[in-house]
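> Spelled out from the first residue to the last, the chains are:
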Amino acid sequence: AQTVTQSQPEMSVQEAETVTLSCTYDTSESNYYLFWYKQPPSRQMILVIRQEAYKQQNATENRFSVNFQKAAKSFSLKISDSQLGDTAMYFCAFMKPPNAGNMLTFGGGTRLMVKP
Amino acid sequence: DTGVSQNPRHKITKRGQNVTFRCDPISEHNRLYWYRQTLGQGPEFLTYFQNEAQLEKSRLLSDRFSAERPKGSFSTLEIQRTEQGDSAMYLCASSLVNEDIQYFGAGTRLSVL
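Sequence order for the protein chains is A and B. According to the working numbering, the first sequence is numbered sequentially starting from 1. According to the working numbering, the second sequence is numbered sequentially starting from 1.
Watch out, some of these pointers could steer you wrong.
As the list claims (entries may be wrong) - With the Cβ distance kept under 8 angstroms, some of the chain A side facing chain B (calculated, not the full set): (1) A1; (2) P40; (3) M95.
Said to hold, decoys possible - If you want the footprint, here are the derived chain A segments under chain B, 3+ residues with CB under 8 angstroms: (4) 44-51; (5) 102-113.
If you are wondering where the hints come from, they were derived from the structure by calculation, not from laboratory data. In this text, a Cβ means the ideal position worked out from N, Cα and C, and glycines have one as well.
When you get a sec, could you build the whole thing from the sequences and use the hints?
Next comes the structure, spelled out in structure tokens:
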């Protein structure tokens, strides 16, 4: 079974600064997908960024980038130029390849507060 | 594309009552998932469907829980004889088969008194 661990229950950052959220996971699979999802207060979860394990290049989406270290089973999220709208719960999630079942295994989440 | 829709958004019930939630996925998505999220925790997988077939169920899905997707479109999740421990947010997500990105609804928050 896969496990996902987010060791930072809460973090805060000043607007316009950079923050990094940590995630580690455990799996015996060699091919899989990793995700960061954002859940704003009382709103639905939305995908921030995804990484395919067989790709060595780290994924980037505008102000969001990941540091994927496969050997260390680490998948951190960096948010640059933080904005007030980035305030949310952030969940790291793991998925085996879609043809092996699509369920997501989530970490416990990190609550991020962006301060003006 | 109106996204994944869940109804009701909130449900308050008394212990021992039955409740049913509905999820309408994105129209062309063949896969539909149910997750449960307790306060301050990450979502946990409950079950998923491909079209009308229920392909996997978590051990979290006790005998009191049943999910259906009769025509491969919307899905219902029923909880019988609710218990206080069932209080949680129930999330629905959908995806295309063999694609990894899941799109979530806003959830149904259940409070069992």
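> Which of the numbered hints above does this structure break?
1, 2
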